[in-house]
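So the sequences go chain by chain: D and H.
For the first sequence, position 222 matches number 221 in numbering that gives the first Met the number 0, and the numbering has no gaps at all.
For the second sequence, position 178 matches number 177 in numbering that gives the first Met the number 0, and the numbering has no gaps at all.
Hint data in this document are derived by calculation from the structure and do not stem from the laboratory.
For every residue, glycine included, the Cβ atom is placed at its ideal position computed from N, Cα and C.
Treat the hints with care, since some could be wrong.
Said to hold, decoys possible - If you anchor each label on the Cβ, the simulated ranges turn out as follows:
1) D:E196 <-> H:Q247: 43 to 49 Å
2) H:Y206 <-> D:V305: 45 to 51 Å
3) D:R227 <-> H:G576: 29 to 35 Å
4) H:G576 <-> D:F203: 23 to 29 Å
5) H:K478 <-> D:E196: 48 to 54 Å
6) H:D461 <-> D:S29: 52 to 58 Å
Unchecked claim - Mimicking EDC-like on lysine to aspartate or glutamate, the simulated pairs with C-alpha atoms at most 16 Å apart in a straight line are:
7) H:K578 <-> D:D376
8) H:K552 <-> D:D214
9) D:K53 <-> D:E87
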Amino acid sequence: MNNNKSMGIYIHIPFCVKKCNYCDFLSFNSDEATMLSYINSLNNEIIANRQTEKTVATIFLGGGTPSILDPKHIYDILNTIYKYYHIEDNAEITIESNPGTLNISKLKDYKAFGINRLSIGLQSSIEAELKAIGRIHTCTQFLESYDAAIYAGFNNINIDIMSALPNQTIDSYKKTLETVIELNPTHISAYSLILEENTPLYDFINADNEHMLPDEDTEREMYYMTDRLLKQSGFHRYEISNYAKDGFECRHNLSYWEDADYLGMGLGASSYMDGARYKNTSCLEKYINHSSNPKDIIENVTPLSVKDKQEEFMILGLRKIKGVSISQFEKLFSKNIYSVYGDVIEKYISMDLLSINDDTLSLTSKGIDVSNTIFTDFLLED
Amino acid sequence: MSLDQNKIRNFCIIAHIDHGKSTLADRIIEKTGLLTSREMQAQVLDNMELERERGITIKAQTVRTVYKAKDGEEYIFNLIDTPGHVDFNYEVSRSLAACDGAILVVDAAQGIEAQTLANVYLALDHDLDVIPVINKIDLPSADPDRVVNEIEDVIGLEAHDAPRISAKTGLNIEDVLEAIVEKVPAPKGDKTAPLSALIFDSLYDSYKGVIVFCRIMDGTVKPGTAIKMMATDATANVVEVGYFGAGQFIPCEELSAGMVGYITASIKNVKDTSVGDTITELNRPCKNPLPGYKKVNSMVYCGLYPADGAKYPDLRDALEKLQLNDASLTYEPETSIALGFGFRCGFLGLLHLEIIQERLEREYNLDLVTTAPGVIYKVHKSDGTVFDLTNPSNLPDPSEIEYMEEPVVSAEIMVTTEFIGPIMELCQERRGVYLGMDYIEGQRALIKYELPLNEIIYDFFDALKSRSRGYASFDYELKGYEKSELVKLDILINKEEVDALSFIVHSATAYERGRKMCEKLKDEIPRHLFEIPIQAAIGSKIIARETVKAMRKDVLAKCYGGDITRKKKLLEKQKEGKKRMRQVGNVEIPQKAFMAVLKLDQE
Numbered sequence: 000m001n002n003n004k005s006m007g008i009y010i011h012i013p014f015c016v017k018k019c020n021y022c023d024f025l026s027f028n029s030d031e032a033t034m035l036s037y038i039n040s041l042n043n044e045i046i047a048n049r050q051t052e053k054t055v056a057t058i059f060l061g062g063g064t065p066s067i068l069d070p071k072h073i074y075d076i077l078n079t080i081y082k083y084y085h086i087e088d089n090a091e092i093t094i095e096s097n098p099g100t101l102n103i104s105k106l107k108d109y110k111a112f113g114i115n116r117l118s119i120g121l122q123s124s125i126e127a128e129l130k131a132i133g134r135i136h137t138c139t140q141f142l143e144s145y146d147a148a149i150y151a152g153f154n155n156i157n158i159d160i161m162s163a164l165p166n167q168t169i170d171s172y173k174k175t176l177e178t179v180i181e182l183n184p185t186h187i188s189a190y191s192l193i194l195e196e197n198t199p200l201y202d203f204i205n206a207d208n209e210h211m212l213p214d215e216d217t218e219r220e221m222y223y224m225t226d227r228l229l230k231q232s233g234f235h236r237y238e239i240s241n242y243a244k245d246g247f248e249c250r251h252n253l254s255y256w257e258d259a260d261y262l263g264m265g266l267g268a269s270s271y272m273d274g275a276r277y278k279n280t281s282c283l284e285k286y287i288n289h290s291s292n293p294k295d296i297i298e299n300v301t302p303l304s305v306k307d308k309q310e311e312f313m314i315l316g317l318r319k320i321k322g323v324s325i326s327q328f329e330k331l332f333s334k335n336i337y338s339v340y341g342d343v344i345e346k347y348i349s350m351d352l353l354s355i356n357d358d359t360l361s362l363t364s365k366g367i368d369v370s371n372t373i374f375t376d377f378l379l380e381d
Numbered sequence: 000m001s002l003d004q005n006k007i008r009n010f011c012i013i014a015h016i017d018h019g020k021s022t023l024a025d026r027i028i029e030k031t032g033l034l035t036s037r038e039m040q041a042q043v044l045d046n047m048e049l050e051r052e053r054g055i056t057i058k059a060q061t062v063r064t065v066y067k068a069k070d071g072e073e074y075i076f077n078l079i080d081t082p083g084h085v086d087f088n089y090e091v092s093r094s095l096a097a098c099d100g101a102i103l104v105v106d107a108a109q110g111i112e113a114q115t116l117a118n119v120y121l122a123l124d125h126d127l128d129v130i131p132v133i134n135k136i137d138l139p140s141a142d143p144d145r146v147v148n149e150i151e152d153v154i155g156l157e158a159h160d161a162p163r164i165s166a167k168t169g170l171n172i173e174d175v176l177e178a179i180v181e182k183v184p185a186p187k188g189d190k191t192a193p194l195s196a197l198i199f200d201s202l203y204d205s206y207k208g209v210i211v212f213c214r215i216m217d218g219t220v221k222p223g224t225a226i227k228m229m230a231t232d233a234t235a236n237v238v239e240v241g242y243f244g245a246g247q248f249i250p251c252e253e254l255s256a257g258m259v260g261y262i263t264a265s266i267k268n269v270k271d272t273s274v275g276d277t278i279t280e281l282n283r284p285c286k287n288p289l290p291g292y293k294k295v296n297s298m299v300y301c302g303l304y305p306a307d308g309a310k311y312p313d314l315r316d317a318l319e320k321l322q323l324n325d326a327s328l329t330y331e332p333e334t335s336i337a338l339g340f341g342f343r344c345g346f347l348g349l350l351h352l353e354i355i356q357e358r359l360e361r362e363y364n365l366d367l368v369t370t371a372p373g374v375i376y377k378v379h380k381s382d383g384t385v386f387d388l389t390n391p392s393n394l395p396d397p398s399e400i401e402y403m404e405e406p407v408v409s410a411e412i413m414v415t416t417e418f419i420g421p422i423m424e425l426c427q428e429r430r431g432v433y434l435g436m437d438y439i440e441g442q443r444a445l446i447k448y449e450l451p452l453n454e455i456i457y458d459f460f461d462a463l464k465s466r467s468r469g470y471a472s473f474d475y476e477l478k479g480y481e482k483s484e485l486v487k488l489d490i491l492i493n494k495e496e497v498d499a500l501s502f503i504v505h506s507a508t509a510y511e512r513g514r515k516m517c518e519k520l521k522d523e524i525p526r527h528l529f530e531i532p533i534q535a536a537i538g539s540k541i542i543a544r545e546t547v548k549a550m551r552k553d554v555l556a557k558c559y560g561g562d563i564t565r566k567k568k569l570l571e572k573q574k575e576g577k578k579r580m581r582q583v584g585n586v587e588i589p590q591k592a593f594m595a596v597l598k599l600d601q602e
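With these hints in hand, go ahead and build the complete structure from the sequences.
Right, here's the structure in full:
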């Protein structure tokens with residue numbers, strides 16, 4: 000799995016028309032001049048990080064809202080990457096987008112630049128729910144964007160949806176699911192809302208509005224319904240929150256769970272290269288001024304110890320529905336998996352939260368529900 | 000340096016909490032010129048961080064100042080500060096025994112409170128001359144004339160010429176200083192007689208060893224004197240003697256009859272200098288130890304356990320050091336199935352417990368698990384033996400118990416007449432027995448009740464305040480033991496009895512308490528991957544049950560753009576949280592759950 004010659008690239012575009020009420024990612028509204036100098040700095044960083052040994056299997060333009068940019072900037076970024084990196088022939092190249100920032104000509108441009116996968120954030124097909132979480136678009140705008148993407152020639156499209164939203168009901172969520180299923184995309188990311196501190200939604204809910212969130216039973220029902228309806232419609236779940244038609248799993252996303260190298264560029268972007276994790280600065284000014292010297296903008300460089308790698312092998316690997324390979328653990332670490340995790344594995348198998356099938360160890364569907372608790376037990380003592 | 004006994008005044012200040020005792024002490028130190036205004040920290044005497052935060056004096060401290068009186072003579076003032084909370088009556092008594100007089104501070108607006116009375120009676124028990132001072136006369140609500148009448152009527156002290164002051168602004172402080180010179184008697188005692196000195200406090204210094212605070216009653220002590228502690232029989236050679244500057248020790252040549260000061264003698268074993276003991280000369284002992292000291296008795300017990308079992312020796316060392324400064328703290332090792340190795344500790348009251356707990360956590364950096372506090376019960380067994388029960392887990396099988404007794408106190412509650420109803424209701428709820436009521440000045444009443452101690456140690460004071468809009472004041476003293484219908488309430492978590500959660504309760508309130516305890520624990524115990532029954536039981540009979548539902552969801556779906564480090568940090572934090580919990584069977588119980596019994600009456 001770990002092919003050191005192959006890598007992914009993540010490009011962070013931190014700009015949004017307006018930040019959503021639940022969002023705690025690194026994103027903000029900005030003026031044209033700032034965006035321009037950012038793109039310029041981003042290009043410098045891409046050049047400075049150029050790789051001659053590795054080939055690029057996936058590129059992911061994420062955000063923020065990359066689609067907020069003028070297509071010519073997307074062209075600049077991709078062109079620089081193409082020029083300084085070896086892109087594999089069948090590379091997966093994704094852009095994240097928001098309905099409300101898309102149109103046919105933009106989408107045609109993306110296609111022309113080599114982007115072959117489009118991710119659209121719908122979240123909900125119900126207007127009131129969209130409004131409650133501070134989305135800038137309507138469901139109609141989403142449908143138009145989707146049609147435009149098909150028209151522009153995209154045949155690999157992801158749609159993001161969310162459950163457990165304020166005032167969401169089983170029926171309204173079902174409607175969102177049905178809307179999405181009817182479009183027959185290749186990939187669906189279905190997340191449960193997570194209230195993050197320091198977001199407007201967090202403050203709002205905590206100001207005595209807890210009752211607006213679906214109760215636990217409702218939330219769980221939404222969660223199970225997602226799995227049920229999507230599976231009925233030909234999707235398979237390959238990761239905790241991700242569903243795809245066969246062969247359309249997001250390769251870039253999978254690389255995060257599979258010990259593959261990825262180089263994150265742009266403000267606050269995370270990287271995992273040659274056995275070390277690190278992160279770019281989150282300070283825009285610092286980034287803009289120093290991006291041409293990547294050493295000056297990276298922070299928290301953490302070379303992974305054997306212990307870290309064992310933990311990550313389990314924690315990241317188990318996020319995938321197919322789980323982890325027992326023989327691969329032994330191959331990577333020259334140790335039997337049971338000599339490290341025997342007690343934990345035995346405990347959770349007895350609780351029906353983990354299951355074993357020949358060489359693979361995976362979470363059961365009950366295990367997926369409480370995966371965090373299970374993962375904490377895979378953290379080793381120092 | 001020979002000192003004229005006639006020029007020494009040993010006194011203390013007694014007052015109800017917040018009537019301005021510490022502020023007056025500050026003013027006295029300031030006006031006697033020992034410190035310049037610039038050097039004055041606010042409230043010099045309260046030098047423990049914790050005391051300042053809580054605004055109360057916990058530990059008696061003492062300071063020597065020099066006052067040049069209007070008669071042109073210089074007088075040595077030894078001011079001994081006293082604690083102001085009902086938990087610390089014993090500390091007050093120790094301080095009083097070292098004094099010849101007491102200044103009684105009464106708030107000009109509040110008048111006499113329950114604690115004022117308790118302190119005055121204690122001072123009179125020690126044969127001290129009590130000098131009333133009316134404080135806070137600068138307050139708009141001040142009514143000094145009324146308060147003077149109150150003091151004369153209720154206490155029977157002459158008060159018409161009492162200094163009327165504002166310790167805050169410094170108004171009329173000289174009157175207080177002159178009153179000390181005129182009215183506090185000079186100490187007596189024979190400098191040449193065999194040494195007899197009263198230990199009223201001590202503290203541990205890592206360089207000097209134990210520093211003993213004492214009042215010399217008879218004789219003289221100086222470096223080189225061979226001394227003997229009469230109760231413990233420990234002997235030592237005096238290394239240094241001296242007196243108390245503000246916040247510092249000032250060595251001197253000798254301490255003689257009438258003086259208050261300190262002695263160091265390279266005493267390493269803290270148990271050798273038990274507070275209340277008499278120091279005498281090894282070669283020329285005095286005939287009898289000094290009277291007047293009560294042996295300190297712990298009233299409230301609880302288990303203290305290190306959150307990290309490996310810190311057990313650290314906790315033992317910390318307790319040993321604290322005990323040196325605090326004679327009223329007792330401890331002995333105990334073992335709990337749920338909590339491991341720890342100590343059963345005895346305290347004067349709940350505030351005392353909280354203070355010790357906070358000091359252990361703050362000053363000694365210990366993370367503690369505390370079990371529910373309880374009182375000492377007397378268990379009369381069928382075989383005729385009687386023993387003191389401080390840990391509910393040690394209660395024998397009911398078949399071996401003839402009967403049990405619990406401590407009762409006589410309590411005095413002072414309250415304005417409009418709140419008499421609610422306060423009496425509260426006392427009835429707490430199994431109180433009405434003893435009587437005195438009216439004071441028409442507006443106020445002193446209500447007397449006999450109450451079981453275990454009904455007042457948790458939250459009685461808070462309940463009192465809330466039912467009287469903050470106006471009631473309260474004081475109590477241990478009266479004795481009475482036969483009572485007591486049962487042990489056990490808590491079972493996931494079918495396993497958790498020894499550290501057991502407590503003794505009156506049979507009439509057992510069901511109610513058991514039910515509330517289960518409800519509380521249900522809130523305190525986080526969901527697990529499985530369902531957890533919480534049960535309250537008396538013997539083998541389950542009397543209440545709650546269930547912590549199984550966790551249904553704990554999943555973090557976001558991947559943070561490949562920011563695995565952040566994701567891992569979140570998991571590590573979660574793991575850390577788990578670590579701080581106590582494992583009982585396969586259930587993790589947060590530390591604060593062990594104190595849940597304290598919150599049973601809160602909504």
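Going through the hints against the structure:
1. With their beta carbons about 48 Å apart, E196 (chain D) and Q247 (chain H) fall inside the hinted range of 43 to 49 Å.
2. Between Y206 (chain H) and V305 (chain D) the beta carbon distance is about 48 Å. The supplied range of 45 to 51 Å therefore holds.
3. Between R227 (chain D) and G576 (chain H), the C-beta spacing of about 33 Å keeps the proposed range 29 to 35 Å intact.
4. For the hinted restraint 23 to 29 Å between G576 (chain H) and F203 (chain D), the CB-CB distance of approximately 26 Å keeps it satisfied.
5. Between K478 (chain H) and E196 (chain D) the beta carbons are some 53 Å apart, a value that agrees with the proposed interval 48 to 54 Å.
6. The hinted window of 52 to 58 Å between D461 (chain H) and S29 (chain D) holds, with their beta carbons roughly 53 Å apart.
7. At most 16 Å may separate the alpha-carbon atoms for a hinted pair to count; K578 (chain H) and D376 (chain D) meet this at roughly 11 Å.
8. For the hint pairing K552 (chain H) with D214 (chain D), the CA-to-CA distance comes to about 12 Å; that is within 16 Å, so the pair holds.
9. At most 16 Å may separate the alpha-carbon atoms for a hinted pair to count; K53 (chain D) and E87 (chain D) meet this at roughly 10 Å.
Violation of the numbered hints given earlier is absent; every hint is satisfied by the structure.
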